[in-house]
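J.: Here is what each chain is made of, one letter per residue.
Number of protein chains: 6
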Amino acid sequence: MRLSARNQLAGMIQSIKEGVVTAEVVVKLNGGEEIVSVITVESVHGLGLKVGDKVRAIIKSTEVLIATEE
Amino acid sequence: MRLSARNQLAGMIQSIKEGVVTAEVVVKLNGGEEIVSVITVESVHGLGLKVGDKVRAIIKSTEVLIATEE
Amino acid sequence: MRLSARNQLAGMIQSIKEGVVTAEVVVKLNGGEEIVSVITVESVHGLGLKVGDKVRAIIKSTEVLIATEE
Amino acid sequence: MRLSARNQLAGMIQSIKEGVVTAEVVVKLNGGEEIVSVITVESVHGLGLKVGDKVRAIIKSTEVLIATEE
Amino acid sequence: MRLSARNQLAGMIQSIKEGVVTAEVVVKLNGGEEIVSVITVESVHGLGLKVGDKVRAIIKSTEVLIATEE
Amino acid sequence: MRLSARNQLAGMIQSIKEGVVTAEVVVKLNGGEEIVSVITVESVHGLGLKVGDKVRAIIKSTEVLIATEE
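Chains as they are written, first to last, in this note's numbering: chain A, 368 to 437; chain B, 368 to 437; chain C, 368 to 437; chain D, 368 to 437; chain E, 368 to 437; chain F, 368 to 437.
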């Protein structure tokens, strides 16, 4: 499968916190940064996600804001 | 200003392509990856964005999907 | 690749309209409905999308609103 | 009320799972597919949603990714 | 039709700028603030939107970030 | 920090409801309207948000739908 999403950042799952409906998945990128994702608990179970798994964080370009420092 | 968005990735603007309403801004992250953002042309002008500017790419955690490799 | 996105609807590309930055892709679902997607022109070219291609429309569950009829 | 959202898929609520803040609503589309939506518990109660209700799943076109099969 | 979206802000269209695929619609809220929306040109035409129209800006709560001033 | 997001609405936090992963923050805008935001509990704690705080609700223009009344 190939995706239209322009942002596909490779990394490893560092932590998973599960609520009732949603779960928070923290991914340590190969470049060193951390990305936090909120997906459904069903998706965590459906994909069998666990700490240490190699994954990609996928982000549609229309979802990215730009901030300037000044 | 501090933001609730969990993902704030530092980098430098590599290119800007302007359409009529929207513009595509490519940011080279300090970690080496590229992030593509689609914002309005008005925002590009309002912030005075140009190639070489230091910026942050801001992404709300609910916008991040997870993909597994297999 | 497997995705956390819960909504993955199979169909065929019915039309593509390209602007400068964004493109509108209309997908006819196998179930008969139409789905409209706005992605970047770069993604259309990068994936080599054309009318008649079999694709899936992918939607994160946090992006789906519910409307009642009354 | 008429909406700018291009994707409005008719169906029936198949299940509702409530957390503290968010709820997961599964809609069986008339075309046979399932759509998963995550909205607030407050919205579920405010609209009085229950299994069997006829609803529409509403999706803004900028939220739809395209995936190719190869 | 009633919507799960928690944020429905009433106002009047102040301007419309059309590109090829997307259009920018500026809504002056009854409370005095301005809201900018990017939707498809097809939606602008399909709804017959024009300056002066009374509309509502609809925003899903998962799309709202919080910023603190300090 | 300045942001590309076109919609930045000033107000005061009226209530916070925390789940396990996500929290619902209600902001009373200076213009009188209410805005509901769903962010992570971690963000609520990281920013030290509490009822009465002056904040801004930030919304990317691509996330705003338009509804007509008829």
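Note that these hints are calculated values from the structure, not bench results. Mixed in with the good hints, there may be bad ones.
Identical chains share a label here; the pair holds if one copy fits it or two copies do between them.
To be verified - Okay, derived cross-link-like pairs now, BS3-like style, lysine-lysine, Cα gap no bigger than 25 Å in a straight line:
| # | residue 1 | residue 2 |
| --- | --- | --- |
| 1 | Lys384 | Lys417 |
| 2 | Lys395 | Lys384 |
| 3 | Lys384 | Lys421 |
| 4 | Lys395 | Lys417 |
J.: A separate judgement is required for each hint: does it hold in the structure or not?
T.: Status of each hint after checking the structure:
Proximity of Lys384 to Lys417 under the C-alpha cut-off of 25 Å is found in both arrangements, the shortest distances being 10 Å within a copy and 23 Å between copies. For the identical chains of this complex, Lys395 and Lys384 are intra-copy neighbours only, at 15 Å inside a copy versus 29 Å across copies, given an alpha-carbon limit of 25 Å. In this assembly of identical chains, the alpha carbons of Lys384 and Lys421 lie at most 25 Å apart only when taken from the same copy (17 Å versus 29 Å across copies). For a Cα distance limit of 25 Å, the shortest separation of Lys395 from Lys417 inside one copy, 13 Å, qualifies, whereas the shortest one across copies, 29 Å, does not.
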